[in-house]
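Each protein sequence line maps, in turn, to chains G and S.
Note that the numbering used here numbers the first sequence so that position 171 is 171, with each residue one more than the last.
If you want the numbering used here, it's the 1-based position in the second sequence plus 1000.
Treat the hints with caution; some may be incorrect.
[Unchecked claim] Here are some, though not all, of the chain S residues that point toward chain G, as calculated from beta-carbon distances under 8 Å:
#1 Glu1081
#2 Leu1086
#3 Arg1092
#4 Leu1225
Read the hints as simulated data drawn from the structure, not as lab findings.
Every residue gets a Cβ at the ideal spot worked out from N, C-alpha and C, and that includes glycine.
Single-letter residue listing:
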Amino acid sequence: MTRNVRAPKAQLIAVDGVEAAAVLADARAVLGTPTQGGISRWDASGVFEELAVADEAAGAPSARTLLLLYAADLAFRLRWQIRPALAEGRTVVAAPYVETAMAFGRAAGLDAAWLSNLFRFAPRARTRRFVHPQRGRRKTVRDGFVGFSCDRLAAGRPKQERQRMVEQTAAHLRRRDR
Amino acid sequence: MRPTSAALRAAREHFTTPGKRRGLLVAFEGPDGSGKTTQRKLFKTWLESEGCDVVTTKWNSSDLIKPIIKSRKSVRSLSPEEFSLLHGADFRHRVEQVILPALWAGKLVIADRFLFTGLARDVARGLDLDWVLKLYQPLLWPDLVFYFAVSPATSGKRVTATRTPNFYEAGQDVTQVDDPVESYQRFIARVIREYESLALIFNMITVDAEQSIGEQHHLIRRLFLEGRERPWSDWNADAVAEWLGQARNGTSR
């Protein structure tokens, strides 16, 4: 679990995890008063919102396609939210940032080198925080990138498959936190 | 998805079985105004008259991603990275949903623009070739790539004869030139320079697109007949095996 840390000014802090609500709560806690900066959240560009209403006949996106879209959304967030705020000397908490997507990609069996290249354009966060689910607690992850993507990949398959994907993503995040 | 050895074996066996007609992928590449769409249509008509089962796929045409790109282009909100990544997503979705299923079924796929379009345009926008190329991994190489070569002046003359190039087509997002025609001339010169490098690197068949339509068409027919018996490229094994893995897991086909 995370510790409460007060953020100094003008820095990029990444908060990653599979549970969107917990990630957001941690981001709020670390940011402190909103005047110090802001939170950059997943799907600020609305790409996934549009994907959610796409016709089923268009075919389900693969993990690779979902990650390309995540990267496009992150490029949008960097351009309109993160970089301008940093330039003004403010703190930005990116919740989630790169690690969540990397862990999801690894859980989907994608090559680490491909994932590293994909996010090469994203600057390193000065502070990286991870929000892990409590061990042994099986919580259904519905919201956020991991929930959305696991819904797409596990559509039409047994429920356990979806849960397995979420747990594998969480396990990869734990490894990346070491 | 990291392909299993069983999936790699299945991919190789499927495309290299002796005596079995396999699917073929033919790409038509070139700048706007090079006449490749005209040639693609003529080629398709000819192939069908020869009894081939033909599937066509166009750049930026996936039912899933195209609306996302279109809405962002209409408000001119794309940075070069977003432009590149969204087109990469569109390409990947078509590879998985259209191109590989058709090739697996033994069909002939004609791609009106392929990943080289993404490479040429993105590098012309200032992005790094190595970064962009890796976005398209696992790579799927066409059996034949026809590159329709025209000068920037010819491309500009043909495109602007009937319409004004749109904002991204004219590269106004990177040239910062207000006049779309002037911007197009500058941008297409960069794109063509990248295309010419790619044509050499990737051994494309260059067609002089300043020739008459009939001359080009007959050349394409001849080159296709000469090239169609090429062996399947083992470079494609990873892409096919990954797709087979998705199909097994129910996320494709």
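Verification of the supplied hints:
{"no.": "1", "hint": "Glu1081", "in the structure": "4 Å, holds"}
{"no.": "2", "hint": "Leu1086", "in the structure": "5 Å, holds"}
{"no.": "3", "hint": "Arg1092", "in the structure": "5 Å, holds"}
{"no.": "4", "hint": "Leu1225", "in the structure": "34 Å, violated"}
Going down the numbered hints, you'll see the structure goes against just number 4.
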